[in-house]
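Enquirer: Listed in order, the protein sequences are those of chains A and B. Under this note's numbering, the first residue of the first sequence is numbered 1, with each subsequent residue one higher. Under this note's numbering, the first residue of the second sequence is numbered 1001, with each subsequent residue one higher.
Simulated from the structure, these hints should not be mistaken for lab results. Careful: at least some of the hints might be erroneous.
Stated by the list, open to error - Below, computed lysine-lysine pairings styled on DSS-like, alpha-carbon distance capped at 25 Å:
| # | chain 1 | residue 1 | chain 2 | residue 2 |
| --- | --- | --- | --- | --- |
| 1 | A | K68 | A | K42 |
| 2 | A | K100 | A | K71 |
| 3 | B | K1078 | B | K1068 |
| 4 | A | K105 | A | K71 |
| 5 | B | K1024 | A | K42 |
| 6 | B | K1101 | A | K68 |
| 7 | A | K42 | A | K71 |
| 8 | A | K100 | A | K42 |
| 9 | B | K1068 | B | K1024 |
| 10 | B | K1101 | A | K56 |
| 11 | A | K100 | B | K1024 |
| 12 | B | K1101 | A | K42 |
| 13 | A | K56 | A | K42 |
| 14 | B | K1024 | B | K1078 |
| 15 | A | K68 | B | K1078 |
| 16 | A | K105 | A | K42 |
| 17 | A | K105 | A | K68 |
| 18 | A | K100 | B | K1068 |
| 19 | A | K71 | A | K56 |
| 20 | B | K1078 | A | K56 |
| 21 | A | K71 | B | K1101 |
| 22 | A | K42 | B | K1078 |
| 23 | A | K56 | A | K105 |
| 24 | B | K1101 | B | K1024 |
| 25 | A | K105 | B | K1068 |
| 26 | B | K1068 | B | K1101 |
| 27 | B | K1068 | A | K42 |
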Amino acid sequence: GENVGLHLPTLSVQEGDNSIINCAYSNSASDYFIWYKQESGKGPQFIIDIRSNMDKRQGQRVTVLLNKTVKHLSLQIAATQPGDSAVYFCAENSGGSNYKLTFGKGTLLTVNP
Amino acid sequence: DAGVIQSPRHEVTEMGQEVTLRCKPISGHNSLFWYRQTMMRGLELLIYFNNNVPIDDSGMPEDRFSAKMPNASFSTLKIQPSEPRDSAVYFCASSFGVGAKNIQYFGAGTRLSVL
Chain A
1 GENVGLHLPT
11 LSVQEGDNSI
21 INCAYSNSAS
31 DYFIWYKQES
41 GKGPQFIIDI
51 RSNMDKRQGQ
61 RVTVLLNKTV
71 KHLSLQIAAT
81 QPGDSAVYFC
91 AENSGGSNYK
101 LTFGKGTLLT
111 VNP
Chain B
1001 DAGVIQSPRH
1011 EVTEMGQEVT
1021 LRCKPISGHN
1031 SLFWYRQTMM
1041 RGLELLIYFN
1051 NNVPIDDSGM
1061 PEDRFSAKMP
1071 NASFSTLKIQ
1081 PSEPRDSAVY
1091 FCASSFGVGA
1101 KNIQYFGAGT
1111 RLSVL
């Protein structure tokens, strides 16, 4: 699909397993982070976001962890389902006059039934 | 809510032709973003509007690209003249609030092919 890059990291899991998708960010001034899911042929869909004053945030079946010391973000999906198969993007923003969400390259998650 | 609506979904055109992409943001949202997605460069912000005013157009590639938001419910992205390297998927997203620290809701995109 259009959203798969030549060097897109991939993660393959069995249905029912937990998935962990990792993301490294580069800007130490970033204070807002967000995860999007993109299915083939569709636009990115919001999953969960977190601000830098937190290190963990939970949603429905998803948890985002933020480690500012090593500039690392992770998305955990519990009891992964076939419908979770998609490309997952992390994005960051440093605020101020920066209106850009800087997106990572994405990770392709494949859930095997 | 119908979400962000983009048209057309697919556009095939020849080099040199004018292309106009359209976007209807979610009602009540006051921020609108245009993005371009390619395999090589990923998702890139082209331009950001707040309350119909262009705030940041630093991502617009060159003068061939222009964007307008004549009212709160409609925006266009125009490429004139189009070139093969403009081939990409173009997304429009809207949000409520100012800047990028609010959830952006994306449309389904327009897949542009310039031959």
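Enquirer: If a hint holds in the structure, say so; if it does not, say that too.
Expert: Verification of the hints:
no., hint, result
1, A:K68 with A:K42, "violated, 31 Å"
2, A:K100 with A:K71, "holds, 18 Å"
3, B:K1078 with B:K1068, "holds, 8 Å"
4, A:K105 with A:K71, "holds, 16 Å"
5, B:K1024 with A:K42, "holds, 16 Å"
6, B:K1101 with A:K68, "holds, 18 Å"
7, A:K42 with A:K71, "violated, 29 Å"
8, A:K100 with A:K42, "holds, 21 Å"
9, B:K1068 with B:K1024, "holds, 12 Å"
10, B:K1101 with A:K56, "holds, 17 Å"
11, A:K100 with B:K1024, "holds, 20 Å"
12, B:K1101 with A:K42, "holds, 22 Å"
13, A:K56 with A:K42, "violated, 28 Å"
14, B:K1024 with B:K1078, "holds, 15 Å"
15, A:K68 with B:K1078, "violated, 40 Å"
16, A:K105 with A:K42, "holds, 16 Å"
17, A:K105 with A:K68, "holds, 20 Å"
18, A:K100 with B:K1068, "holds, 18 Å"
19, A:K71 with A:K56, "holds, 14 Å"
20, B:K1078 with A:K56, "violated, 41 Å"
21, A:K71 with B:K1101, "holds, 18 Å"
22, A:K42 with B:K1078, "holds, 21 Å"
23, A:K56 with A:K105, "holds, 22 Å"
24, B:K1101 with B:K1024, "holds, 21 Å"
25, A:K105 with B:K1068, "violated, 28 Å"
26, B:K1068 with B:K1101, "holds, 23 Å"
27, B:K1068 with A:K42, "holds, 24 Å"
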